[in-house]
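Engineer: Residue strings, one per chain:
Number of protein chains: 2
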Amino acid sequence: MTPATPRTLTDTAVDTASVIELLERGRTLATPMLRAAVARLAPPMDSVAAYHFGWIDAQGNPARGDGGKAVRPALALLSAEAAGAEPATGVPGAVAVELVHNFSLLHDDLMDGDEQRRHRDTVWKVHGPAQAILVGDALFALAGEVLLELGTAEAARATRRLTLATRKLIDGQAQDISYEHREKVTVAECLEMEGNKTGALLACATSIGAVLGGADEATADALEAYGHHLGLAFQAVDDLLGIWGDPSATGKLPWSDLRQRKKSLPVVAALAGGGPAAERLGELLAADAAKSQREFEDFSEEEFATRAGLIEEAGGREWTSQEARRRHATALAALDGVDMPDRVREQFAALADFVVVREG
Amino acid sequence: MTPATPRTLTDTAVDTASVIELLERGRTLATPMLRAAVARLAPPMDSVAAYHFGWIDAQGNPARGDGGKAVRPALALLSAEAAGAEPATGVPGAVAVELVHNFSLLHDDLMDGDEQRRHRDTVWKVHGPAQAILVGDALFALAGEVLLELGTAEAARATRRLTLATRKLIDGQAQDISYEHREKVTVAECLEMEGNKTGALLACATSIGAVLGGADEATADALEAYGHHLGLAFQAVDDLLGIWGDPSATGKLPWSDLRQRKKSLPVVAALAGGGPAAERLGELLAADAAKSQREFEDFSEEEFATRAGLIEEAGGREWTSQEARRRHATALAALDGVDMPDRVREQFAALADFVVVREG
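Same order as they appear, the protein sequences are chains A and B. Using my numbering, you'd call the opening residue of the first sequence number 1 and step up by one each time. Using my numbering, you'd call the opening residue of the second sequence number 1001 and step up by one each time.
Careful: at least some of the hints might be erroneous.
[As the list claims (entries may be wrong)] Think about it this way: if two alpha-carbon atoms lie no more than 27 Å apart in a straight line, the pair counts; the simulated DSSO-like pairs of lysine-lysine are: (1) B/Lys1252 / A/Lys125; (2) B/Lys1252 / B/Lys1291; (3) B/Lys1069 / A/Lys291; (4) A/Lys291 / A/Lys125; (5) B/Lys1291 / A/Lys125; (6) A/Lys252 / A/Lys125.
Read the hints as simulated data drawn from the structure, not as lab findings.
Kindly generate the complete structure, drawing on both the sequences and the hints.
Structural biologist: Structure, rendered in structure tokens:
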């Protein structure tokens, strides 16, 4: 039960079997309660939500869709164990976090005009904008409901943390939208946005089980710190995959984020680095920004490859890759002060490794 | 402190001075905390929310806009007094309910495509759909935040009740949207929808101060019953004003709800009544439903007046007016079992009277 000796990603091979088991446990324990919560919604919101979660197709037939990696439920259960409680203690927390996560996906996809999510048409595309708004709202309300009906002081603390995380999520989306219209975004601004959009809810997932299990505030804060940095590591890797990911693994088009003119971490880090490649990149992106969406979409593969090459030459790819490793190390270090079973600590480490080395 | 003798609206003149004082007190005590909560939002969401509340105009200059009647904050403060607590005990409840109410206005206006609210352009019209979604979400999250940061068991109970009320609000909006596309809506369905859309949050406002003041569940339930029926009385009067209201008092066009082809209570009650006027009305409305929005908007005043006349002839106006009085009486009767100071009971009665006799 002593803090583990400092380790880095390069010390170990990722324990993939352990991670798969952990993700599977989260899915298996949380899904029945998640489905029961969604079934409380009045028609047609219950079906719209079931479509979003991939449980039915657009025609209402049962489906076995891709419900995402389910990192958050796995973290919530592990979080309960970190506080010495049973994994089951974390289940309402896992469900509440998943409800908030999916509330934000429903609304973000509509705001961003994204037509695809997990290889399927998004809810606003299939069921219209009003259903995307309504069902998102309903999932957010359900999150508070499943926690507060526990009726305990711990549940109230957990709900408060979840509410604060949700506000950060919303702040992050507001920043993401405002950055789209700005010429220049700094690395610090990009990291703040990603901390809000991805870090805050992963942080909450990592503390919520422990809070429900009666952990004190200091323990909850340390677990949140792990989740926050893990979220930033996750996002850095996502940003790398968004440009250089293998389409067969990511399910996205090559240079996906460049096609969306996203000011992601590799881009802002490249521009911040200075030098001739950064200058040339800055000129190209400024010209791109002035183009209409249609003109821009007609770019050849080569034009995107040129931009990706300049980002790499200016050091944006390497910086982001290093950033993922730094955040990975900081996440693990945050757990040093928390007393928890060695097995649980190892699983937190395995999850962190998985997040950083994944390819899709 | 004994239950008052049964009274009906016709027994008394409405104590308007007392109601104005009550509404003013609610506004005065709740607004500073509401403004402080909204000020927590990151830019530009703080300004968008301030515009929605009427505190600034579209250019960002200070404004003294119409923030609505503020019935809910007045009820929340009175609710605290009903439990023997100070009015101030109800303030976080008043603020949370106002935040949820305005979250729903922001989203509903966008879903319904409504361009005007309180004589001003709606948020989605001025700041775009994304801001209406985002700021609505943020206000909903803030509601939980201001309650749960009290850190008491009472606050957790209050948040749970507010969350359940919010889900009903969302159910009501879902029903409202689905009824638009249906040929026939029954009186029962219309009342269910109005109970969800208007009753649930007024019910929560009427119990939340008492819950924060430590009232037991039975007292909170009785207060909610008053608020629920008051909400239905309020909505019945709103539906009457929506057709026959004086435009100079309502600030809306004449026959406003008919222009929107709303299946409001007078309409569905008229159709349910049967007889030649109901039949003729049914034929006209079926033909109206087949028209495009533009064709329909080109109707002359006379065509709307014909429809309003048929609704009245078929008994829809009288039924709705009686319904308002029935709900008014049921609301007051719900308070009979609750032990509270006579002055507080009289103020609940005066508010109920005001809701039913108002003209705008």
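Engineer: Taking the hints in turn, state whether each one holds.
Structural biologist: A quick look at each hint next to the structure:
{"no.": "1", "hint": "B/Lys1252 / A/Lys125", "verdict": "violated, 34 Å"}
{"no.": "2", "hint": "B/Lys1252 / B/Lys1291", "verdict": "holds, 23 Å"}
{"no.": "3", "hint": "B/Lys1069 / A/Lys291", "verdict": "violated, 48 Å"}
{"no.": "4", "hint": "A/Lys291 / A/Lys125", "verdict": "holds, 25 Å"}
{"no.": "5", "hint": "B/Lys1291 / A/Lys125", "verdict": "holds, 26 Å"}
{"no.": "6", "hint": "A/Lys252 / A/Lys125", "verdict": "holds, 18 Å"}
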